[in-house]
Every structure is written in structure tokens, then in C-alpha cells.
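Start from the sequences, fold in the hints, and give me the full structure.
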Amino acid sequence: MSGASAADVRSILSLPSPSTPAPSQSKKAATPLARKPSGISRELYSLIGPSAPTLVAQVAKPRLKQKPNLGGGGSSKWVWRSFKNSARTDGLELGHWVKANTDPDAEYPFARYNAKSPDYSYSEDEYTKFLEDPEWTKEETDYLFNLIREYDSRFYIVNDRYDFPGGPPRSMEDLKDRYYSVCRKLIRNRTGDEASKPQLLSNFHFDKEREVMRKKYLLSLENRTPKELAEEEALYIELKRIEQNEKHFKQDRDRLLRTLLGAESGLPDLPIDEDGPLGDPKKRRRGIPSELDSPATPSSSLFASAIPRRAQSAKSAAEDALHCIQRTDGIMPAGTTTKTAHQAAYLRSFRVPYPKAAVAARVTQISGELGISLSRLVMPTRDTLMAHESLLETITSLVELKKVADRVDQEIRTAKMRLGMRESEPPAEGPMDVDEDGQAPDTPGEGRAHSVVSTRSGRSRKQTGTTNDRRSMSVSSVDTSATSTTRAGTKRQKLG
Amino acid sequence: MVQYGGDEVSALVLDIGTSTLRAGYAGDDTPKAIIPTSYGFLPVARDGDVAMTEADTEADTAPPRDESKLFIGQHGPSVWRENMQIGNPMSEGLITDFKMIPYMVRHALKNVLNCKAEEHPILVTEPAWNTPANRERMAEIMFEEFQVPAFYIANTGVLNAFAAGKGSALVIDIGHSTASVTPVVDGFVLRKGLVHSALPQLVYAHAKHTLITASHNHPPIQLFSHQLIANKTPVESGAGPRFTLREDRFAKTTPSLASHYENREVEEWIQSVAGVLDQGWNDQAASQRPVRHYEFPTGFNTYFGPERFQVGELFFAHSRELVASNPHLPRTIPALISQALMACDPDMRQVLMGNVVLAGGGSLFAGLGERLNNELVRNFPHVKIHAPGNPAERRYGSWLGGSILASLGTFHQLWISREEWQEHGKPIVAQRCK
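Protein chains in written order, with UniProt numbering: chain A, 1 to 496; chain B, 1 to 434.
One or more of the hints may lead you astray.
Covered stretches of chain A (chain B as the covering partner; in silico rule of three or more C-beta atoms under 8 Å from a C-beta of chain B) [claimed, not checked]:
1) 81-88
2) 147-160
3) 216-225
Hints listed in this document are in silico derivations from the structure and should not be mistaken for laboratory results. Source: prediction; values computed, not measured. Note that the Cβ used here is the ideal one computed from N, Cα and C, for glycine as well.
Structure (C-alpha cells):
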């Protein structure tokens, strides 16, 4: 009757029958019982427990898969019915399939999407009274308004299709300007809802000059040559560098003030960093020339600990020398025998020093020029390792010195350039300012255009802003220091 | 149904291209009837003889033209017939021979779709550079000869954009005879930015030239089609073919049929072998790409290396010698794109470059999509190309867009009805189909 059971399969495959029943079977039997059937209170069920099969069988429904409810009540009837579209002006009848129970006289559901945007028209009288313009004839204005009505104020298309016979060539700004100015005049001079007038007027606001300017900048942005792009990029980098220098300068000055005046300086005791009073001091130190003073001092204490501390017997010392054995003490200082101070045994090759990530590329390059692979130390003996480390440190210091030299060079060059500029031309607006002007016209509805502009110059604009902030901050450091004092103060309060 | 904006009124969509004519029901995803636009015909003098041939279509193809018998559809031009000539009503993407159009449309609707034209509204496509006279003629044919209840003519560029689900797009449509770049904004073509060139024809001509002239790895190749070959024996790659022609047929093959067959062979070779390098032309890169084996109907077979990429390169750049020899070359695709963009408003350019739609059967050239992407990314900051991976969607993009458009509930107010046609006459077409 039923399909082959597990036992049958086993006998077919001549497998030994398992001593315990299959876990899956017992599980399957247990799960329906474990669940509390609905209709019995929890207390009662816990009394009876799963050992009341008769009751459970009565209460629990057979767990069969539910049949999907396909609409219910049988299939609905569909009919091919012709319909009229009220959005049409003629009597065209098209047909479509609809459910038989829908109202045959109902309005065509898509007719309501036939929305017309409100359009402005003017009478002959109004035109002569308010709308005369030496640049535009009445015929051309009519033509423009018809086109705008026809294309639902899509000015891109209106501009594309605009071809008034005998008229001068018109740009999109000309068309927009004429249309909006006519609309504004009509709104202003018509009697109507006075309350909504300013709102309406602002809707039809159009500044032609600004639009033309914006387009011009957009075009110039597009027409930048690769050389100009590169120059812009260089300027941007220069800007960043100046900004960074400013920051370092400020920090150095603060530190100096603190050292000289102590608490009287009004500066907080802790060095204030960008990321809060507990900022990573290592990060702060990076790149400051004054901190590069000790490149040759070995940074790791690995080999300092190698100096034998314990007095050795003469014999063992001789034997050691013979077998090239060097005994090392752990680095633990005398007297401390705590667990934390204990140093486990390790392979020396695990402690091969690596160049700092920031200069790694340069260091590997230089070592490559020397024909040495830093990444792989074939025989990490004590001596090789020591040599390796000293080499690494020398290269690092070389790289960093070179960097400093480059920076100073660059500074000199820019200073010279600035000097030259100051001599050659009187104080003039930089290109940045002009660019910023170009950004300014940001009328609502031009968001798309704005996003176009803000690809690159947006970034430069932002940078200009921050530098200005920086400058003002460094000039009046009292201000910032005051705020930072309060910050530190609150911190202390919290701690205390 | 309503929430998706669709309302199907069993409209038909008809898309006539240079290579094929597509027809089907609006709401479908592929056209049901795809027949070649080329047709065969017999000059009237041979009329009596041909009545006995196996032509299955001509009996149903309505009254044949008085001077010829017509062979339209799958068994039309591809079947060899004595003294049959081949014609094509299209040139440069436009219909130039309207006398043939009713026969072809009738064949597609009646013999393939099996439907009555007078019961279905019909949407016809046109290229963006179609003339007003042409579209009025099309409306006239539909209303007067087919008695359709409603008609609309839509632009292939717009429809390609719709097929990609975009209202604004820069549509690059590479067809059989014409490549065009159409800026579409809000479902309207910007006519000032519309450009097209006969670039695919140059590509075909170059491919044919490559094949029939001797080169370092093959002798001049004879482009006989299967229909003209009696038997052949397999030969080694690169060795001269051994085949016998069907002399009886060969003698009675008209020049137009012969050139049709040759063009088909070239086309097949292009479709299976030719490609485009994805990073500009580079002799080394071209020689590094794997060679492709191809066997012609004559039995001649060989491997094609760099020359298969030279064919596709013509889409993107013309060599200096070529430009020098012919000053009126069709413009390349990058040239077309930059010309189209120059004519558009600067505000619009960014939008268009973010919505580039690649369509047309010619765009299925191997590697063309990647190459186009590489070319555009180099010159524009934000480029996004929509190129359907499904070949049917590319080849029949304009039909698919028409199918979508004609099954929209809101579209049904735009049909030009018979009533309107009778009342207003031809001007209604330009007024309604902007």
C-alpha cells in the first residue's frame, strides 16, 4: 500500500538495520504533539501533556496543505465590449476585453489622465495695452503661445520646433523670457484672486540674464581642454596642501603656546584634534617635519633586548661562541613577573619589520633599485634581521626627507609664483570667484542643470569655503580655543 | 490592468525597415510576422511561364501588378526562380516605392497574421527624417486600401526609447542601410539634433570588397549562394574550392538576383565572423584576437584574423587613405553623436548622455556595445548605455516600443480615426503625430 519504507530500502541495499529508530522518524512524530492544539487551555494541556493522543486527535485538525483560493465563486466572465473615449473629440469606438459585471456606461478610466496644463491667452485689447514689445510682433507672440500650448510648455521641444517665418532667430532664453514676461504682465493686470497673485508671479519668474550666464558657464565647463582640466586638478591639490599646512601651523602654535604659558595660555591640556580630544596622537604626528628628527633610532625594542643581562659562566660563554649561540633575555624589566609582562617564545621571522604603509610603495621601489627584495628575507638570522631593519629605516628616512624637500621646493615655487602674480597684476578676482557666480542662479526647476554644473566646480567651491574658514580660524584662535576649552571641560565633568 | 496603464484594443503595429518588415499585435513582445522587405518579381513578358512554378505566395498576393508577378515573404526572394528580379521599396530608411507597400502589408497581415485590417487600429512607424508627404501617403494607404478604423504614425527613435522604458534618451539606431542618432526628449524628437548616415552600407561594401579581393590569406572569394551550387567536395582550409555550378540556373539568374544573393553571403559572413575591437584600432590587439573559421557555400573555407575587425572599425573611424580617396564618406558613430549633442541645449546633453539607447540589428555587431561605451566614457563624464542583451529586443526595438505605446490606455485618444480622416483629410496626420 504505502511506498517502500526505510527498512525496505535497507534490505534491498543489504545494509544493517540501525539499532535506534531513525531520528527523523521520531522527530516527525514528536513535533505535532509538542505543539499545543488550539481549544485547550495551557494549564490543562500541561497536565495532560503530549501523552493524550485521543484528545489531540480529536482537537487537532489534519494538517493538509491549504488549497489556494483562486478568486472563489467560479470564473468571472469577460466580454469584448466597444467603448468611447471621452478624451476624444470624435466618436471613435475601440473595443477591449472587460469583466462582464462592469458598468458599460462608465467613463473610460484613462480619459481622466487627459489633463491640460493651464495656459494663458490674451485678447487683442490686452495685447495693445500691456504686452507691446519692440522685439516681438503680435503674430510671433501668438505663434509662440500656440507652440507652447501644443507642446505643454516643454521648452526644449518648443525651441526645437520654433520656426517663425521671417522672424529673427530666437534662443530658448528669448522664448522663455517672452512667455514668462507676458504671463507675469497678464497676472499682474488681471483682476482676480489677490492673495494668490504673488505666488503665481513667483511661479512665472524668469531671469534671462542669469540663465544666459548659467548656460555660458555650463558651456565653458564642457569645453575645458585637457590642459585646463589638469591645471584645475593641480590647483585643487595645491589648495588642499595649503589647507593642511594651515592646520599644522595652528596645531604647532597651540602646542608652543601651551608649553610656554602652561595653563595660562587658556588652551586645554590635551591636544585637540579633529576627531575629538582623545584623537590618535600618531595620526597627528604624521607628516610634520619637526617630528622627523630621529630616523636612525631603532624603533623596535626587539634587538635592544638581545643584550645579555645575565652573567654567564665562562664555559658556557665559550661554548656559545663556538656554536654561535646567543642568549637573550625576555624584554621584561627586572622585578616584574606579572603575566602581562611575560613574553612567549616566537620565531624571529615573524617579527620582520615592514615599511610603513604610507611610504611602502616608495620604499619597495628604492629597495628594488638596490636589488633587494624587502618582502622576503631568506635567512632571518639575528644579523640579517638587524641589517634589514637598519636598511629599512634608512630608506624610510630618505623617502621622508625627500618628501619634505619636495614640499619645501613646491612652497618656494608657489611663493615665487604668487610674488610674480602680485607684481604683474593688481588685485583681481580669481577664476574661482567667477565660477561661484556662475553657480549662483539656482532657480527652482533648474535642479537638473545645477547638478550638471556641480560636478567639478562644486568641489572647488566647497574647498574655497573651507579655506576661508580655516584662515579666519587661525587668525582668531581665541575663538576656537574657547570652544575647545568648553568641550574639554564637559568631558572632564563627565569623567569626574 | 488599469494600474499598469495598459488597455489593449487589439491594435496592430507595423514597422517597415530596409531589411525586414515587422508586424504584430500591440502588447506582444515580439512581432508575429517578420518578412523580408526585398521582394522578387517577374517582368510581365514571362508571366505565362511562371504560373506553373511552385510560388506559393503569389496566388494570395492580391492582384499582381500588371507588369510583373510578385514574390513576397519568406519564400519570396530567397527561392531561386527563373528570371526573377529583386526589388526593395526602401532607400535610406525611407519608403520610396509606395506601389509595393500595399502588397507587402497585405501579405503580412492576411497571409501571416491572418487578420482583417479593417477590424484593428494600426500603428505604423517612420524614421525621424521621414517627409510629411510620405507619412500622409502611408495614412492614405491604410485608410483607403485597408479600411483601418484608426491609424497613428510614430517615430522609430521615440519608440526605441519607449522600448527601453525611457521618455528622454539619445537613441543610436544602427539599421541595415542607415545609422542614426536621435535625441528624444519627453517623447518628442529634437529635430535639430537628428543626424543619420549611410554608414552600414559602407561597412557592407567594405566587407564585400575584403572578400572578393585577394589578400595574404585568401584568394578572391566567389560569393555564390547555395541556390546556385549543384555539388561540392570538402577541401582543406585555404585551398581552392571544388564545386560545380548549376549551369541551368546560373544562366537564367538576373543580375539583381545575383547581387541579392551575394549581399546575403556577405551579410552572413559579417554576422558570424566580423567584430569590433573594444579599445580602438590596434594592429597588435587585432592580431592577438582569436581567428575565426568560416566556410562559404562554394566549400571554400579559411580562417579570418585581423581583417574581421577592420570591417567593424569602420563604424568608429575611417582610415586616412579612405578619407583621402572619398571626401563624402558617411560619418562615423562618434561623429554623429557629437554632432547630435552639439545641436542640443547644454542642459540637455547631460541627460541624454545618461540615457543612451543602442538599438537596431546593426548594433548586434560583436563588441560594438563595449566599444561604444569605451569611446563615450573617454569623452563624457557620465555615460550610461542601455543596450538590451536580448537580440530580438535590439532588432525589433522600434516595433516593441510601438507595441508598448499602442497598448497604453492613455494612448487611445491619439489615434486618427476614420471619421477624422474623412473630415480633415491629410493635414490631420501632421497635426496629431507631432
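Hint by hint, here is what the structure shows:
Using a Cβ-Cβ cut-off of 8 Å, 3 residues of the region 81-88 of chain A lie near chain B, which meets the minimum of three, so the contact claim holds. Counting residues of the region 147-160 of chain A whose CB lies closer than 8 Å to any CB of chain B gives 7, so the stated coverage by that chain holds, three being the minimum. For the region 216-225 of chain A, the assignment as covered by chain B holds, since 3 residues bring a beta-carbon within under 8 Å of that chain's beta-carbons and 3 suffice.
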